[in-house]
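*Asks:* Listed here are the chains, written in short residue letters.
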Amino acid sequence: MADNVDVVEGCRLPVLRKNQEHEDEWPLAEILSVKEVSSRKLYYVHYIDFNKRLDEWVTLDRLDLKKLQFPKKEAKTPTKNGLPGSRPSSPERERKSLDLNVQTTTTTTATAPSRGKTLPAPKRKAEPPAPLAPQVSPAPPVPSLPSSAEASQAAVYPAARESTTFKSREDHEQLTSLTTNGTAARRLIPPQPGRKRKANCGGTDEVWKSTLSNVGVVLNQDSQDSSDGIPTAPRMTGSLVSDRSHDDIVTRMKNIECIELGRHRLKPWYFSPYPQELTSLPILYLCEFCLKYVKSLKCLQRHLTKCNLRHPPGNEIYRKGTISFFEIDGRKNKTYSQNLCLIAKCFLDHKTLYYDTDPFLFYVMTEYDSKGFHIVGYFSKEKESTEDYNVACILTLPPYQRRGYGKLLIEFSYELSKVEGKTGTPEKPLSDLGLLSYRSYWSQTILEILMDLKPDNGERPQITINEISEITSVKKEDVISTLQYLNLINYYKGQYILTLSEEIVDGHEKAMQKRHLRIDPKCLHFTPKDWSKRGKW
Amino acid sequence: MSKLSFRARALDASKPLPVFRCEDLPDLHEYASINRAVPQMPTGMEKEEESEHHLQRAISAQQVWGEKRDNMVIPVPEAECNIPHYESLYPGEFKMPKQLIHIQPFSLDTEKPDYDLDSEDALFVKEKEITELQFEEMIDRLEKGSGQQLVSLQEAKLLLKEDDELIKEVFEYWSHKRKNSGALIPAVKQEKRDSSSTSDPYVAFRRRTEKMQTRKNRKNDEVSYEKMLKLRRDLSRAVTILEMIKRREKSKRELLHLTLEIVEKRNAMPDLGAEVMAEALAQRALVKPVYTIPLLPLSNSQYRHPDLNELKDYKKPEKTEPVRTKRKYEKKPKIPVSAAHHSGPAFFSPKDLNQYDFPSSDDEYSQIVSGSSEAEEETDPDGNFAFRRKSGCHYYASRPEQSGNWPWMSPTEGGLGDPRFRFCLTSLNAPRRCVGLARRRVGRGGRILLDRAHSDLDPGLDLASVSPLDSPLHRRSTSDNHTSDLSSPLPPPSSKTPVDLSQILLNIKSCRWRHFRPRTVSQYAPGSGGLCRGGFRDLSRTVSGLTRTLSAQTRTGPGQLPVNVFTVEQYQHHQEQVALMQRQQLEQSQLQQQQTTATTAPQPTKTQVCVFKGLHLSSAPSAPQPFLQPNSSSPSQPPSTPHPTAAAAALGLLGNAAPSTTQVLIGNNLCLSVPTSRHLPRALATVPASALKLSSNANLPSLPNLPNLPSLENHEEEKASLNSLSDNTVAMEVT
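Heads up: the protein sequence lines correspond to chains A and B, in order.
FYI, the numbering for the first sequence is 1 to 537, going by the UniProt record's numbering.
FYI, the numbering for the second sequence is 1 to 735, going by the UniProt record's numbering.
One chain only, chain A, in its complex shape:
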């Protein structure tokens, strides 16, 4: 048909997909990219209100062209507001409006029709045409249409701030007027991408475009902690709060078709910065034990003749039955840590690989069989955390999901915190699966305690939130949110009480019956190190 020519990036239309019951459904989707493979056009679609992991390449016949909506510049921003669930595009838009410092509704997202670019392959994208910008930054394929190239470089999106994590989009919109945090004339280093690696906290190191002030852009005053400044790079911890690179069209698309790891073939969910030349392969082969990536089965065979590892290259600090945990120092074992991060990134949307792995410890959970210790999942943890994080990123590899391993990982992370004598919390943002897993773990852990409470001297059993927190090492806020979520907190006759409903009790008992995998603290051989005294991670 002739009209398929019109299906370009940014278009929205219903796209056919099978749901879990294998029924056809036609959710609204956005075309993120178009490519042609053997004279057949393929469309990369993001199902709106569905997680990005379900994004996929579809053929033309799955598009409902009758309901095609062309991207409209003017309509864009309102649309965004109307579609709060469509996360991938919105931050981009917000940032752009910041950059421009204009109250225009200029569409700057990847959906901009003017871009008219196709992605020939998962290869690196061509430069955004950016017709309005005579000289755009060469390096990043930022899908932006800044009215001023300089402004586009400014990239002042206060993303990495904790505080913005839960900020509504409306808040972001207000950022159109920018203010430098008190320091009007900030020196900046290179005119180009205008960002610097830096901690997102610590006011001294932020880099600011002098051109920004020229353009008359003022930075938002809102930052509660003035030291925050504008992050020019992702925060240095493990999880990625939305930031500019995250909104990059490249990173919004899966780039690896398939990964073979041991017995399993995995379909990546998200972008991962494996070497670009490997992204065009139908299958990326990984050594099951050292996680080295090679381009072909032959290479993997060769590699396996040279690789002696049959377990993660770290110290085993826990073993019970077939389950073991290995501790890997991100500084001492860089290669493995990086390989682990690369594969983890395939399944973690909010993970950042921006910085090296030095400040992290990686706890890899393995299951033993006669071939060796097979990786099941892992979590990373900052050696020193400012904010009580006891987990940075956490992942159960897809083949092992929904079998209780995730909860086991979480349980293990809290066991470590117990040994350390601290309470901890996972780094935010949580993914959907992360939220469900943690909520489930918290609920079961807290309910376990509440149900075990015995009345002492005939008095009604009671417990404080702090006590729960101390027993479980779950941070107080998480305890409260769980109690709330379970609807256990009630105000009764002038005081707060905890009430256990029958459904809760039954549900808990049923769930606990299914929870076979538990961490046995006696099997943990772990001595926390005081990393602050080491000077180096």
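Calculated from the structure, these hints are not laboratory results.
Among the clues, some could well be false.
To be verified - Cut-off 27 Å, straight-line C-alpha distance, at most; resulting in silico cross-link-like pairs (DSSO-like, lysine-lysine):
hint: 1; chain 1: A; residue 1: Lys-522; chain 2: A; residue 2: Lys-493
hint: 2; chain 1: A; residue 1: Lys-295; chain 2: B; residue 2: Lys-177
hint: 3; chain 1: B; residue 1: Lys-179; chain 2: A; residue 2: Lys-295
hint: 4; chain 1: B; residue 1: Lys-192; chain 2: A; residue 2: Lys-332
Place chain B on chain A using the hints.
*Replies:* Showing chain B alone in chain A's frame:
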């Protein structure tokens, strides 16, 4: 109370919450309206994702059913299991170790090549009949040898150790393959230096330019770094100082031992007349180097007026001298008899001297002189006395035939018996005149006696009494109350000498000639100290034929009587100093006792001390006693001894040098700094003794530079530190 209209209190995490079963609270629902007082906690998810369809579905399913239904889970892309070739890929079995696996550091670093051969390579390898591993190693080297620029064939030949033919083939194969497919070992993109890669999504694992912030508001980095630097500097300085103290104390100990030894040896010799000592001194004087460091023993230092504080410090060098003397003395049996008097170790360069900022004792000097290190000193049997040639020093050939023919020897030994070794120029205050060569000793009741010696100088010396040298003193003494009386009758000189007066004055002024004047010494004492150092040598060259002098008792003459000008103020000051010195003396009394028994005049010396003490303790300010130099007189000069100087010097050393080498140190410096220190006493005269000492010490750092020893400046800093240290040492000894 069916309905509550008030707001619930905030949730208190530390307040116990009673736990109820819902069935126990049938009326709970009535309170439901206010249950929402607890603020809703954030989920921790990104806002946009929170509302995602499948999540919401799962959450609501969980809330409805208490658990997730299978069809309500969040869908994910499928994973495939059970790859058929798995078994062949991972052959063999791995037995689980009994122990927890503990990885050894660096055990992971294998020498295996990172490059993995692919099927295309396999063909090539088969064709070339090399092993796969060999091929991989070669490619690995080529890959890793290439940066932006590919390895050239020449470089490849250097990189690879195979034969040229194979290298060429592999190289060509490699270059061709690389041209087609880029780097053969795929690696994650590195950041570029120019920071152009900051937003390249394929760049990962960037180096952290700053350490991740682990504590907020920690801004002290630079400041603390500087503090650490300073701390390190301070600590290392302290270490240096302690090192020096250690050396100093060692030296002091050795000094003590040597002094004891010298006394014993002299007693055994018996060198009661100090001839041997004098010879040693003269020898040193001859060999003595170009610059003025108080190396010479001022054997008659007791003649000088010591009643001011800096003088005390100043005396220190003198006290150390017996050590040197003794050292010479030890040598003596060898050297004078067998060989070179001139070849002593006395030559040393200022540079050496400055190796240590504060040579605190003779031991250090000799150490410097000999260039020996501490370690050497310990291993060398001769210790400090081992002769070591120093570069840049002149060594004279030995003159054995002349041995014994030194001017300081008595005529019986073929020497000249030059009196300059035991006498010094002496001036009196009132009448203001110079009495020529004389030496002082203390008579009964603390009286000071001057033993005068005849010399050729005598005729001219009368004129010297009004020399410019004295002018400041003169002014001072005239402004003072002259409560003085004649402390002792002095024998007049009787003979004439042709020596040019102006030359003598010149000698005095240029510190080559010692000059002594009772009473107001303080103001020119440093100068005279300098004189003392250089005096003998000059004298020995210009003066000859002096007759030997006898003790004052036999030579009473119409004399220029030294006037003891003594004011109340001075007296009090003097008292303080005396008290101070008594303390030191008490400390040393035991030692002295040992020493004095070895000398020929033990009794006098000892009683002298006692008398001296008693005198000052009992005397009232209103009734000044005729003592002149209580400080220096105490340990010295038994009147009955014919050759008291050497003994006195030794004793003086014992009395004063031993307690504090620090003071010796300072004295050394003072001697060097004649010009400035001259002006000190006046200002200091009224200050309490200890304060005086400290302040004079405090003045020291700037002084050492004065006397044309520019190299000293290099050590100014350490000097200052050491100086302040010695400050403390002194203070501690005083109190």
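*Asks:* Could you run down the list of hints and mark each one as holding or not?
*Replies:* To see whether the hints hold, each was checked on the structure:
no.: 1; hint: A:Lys-522 <-> A:Lys-493; verdict: 43 Å, violated
no.: 2; hint: A:Lys-295 <-> B:Lys-177; verdict: 15 Å, holds
no.: 3; hint: B:Lys-179 <-> A:Lys-295; verdict: 17 Å, holds
no.: 4; hint: B:Lys-192 <-> A:Lys-332; verdict: 23 Å, holds
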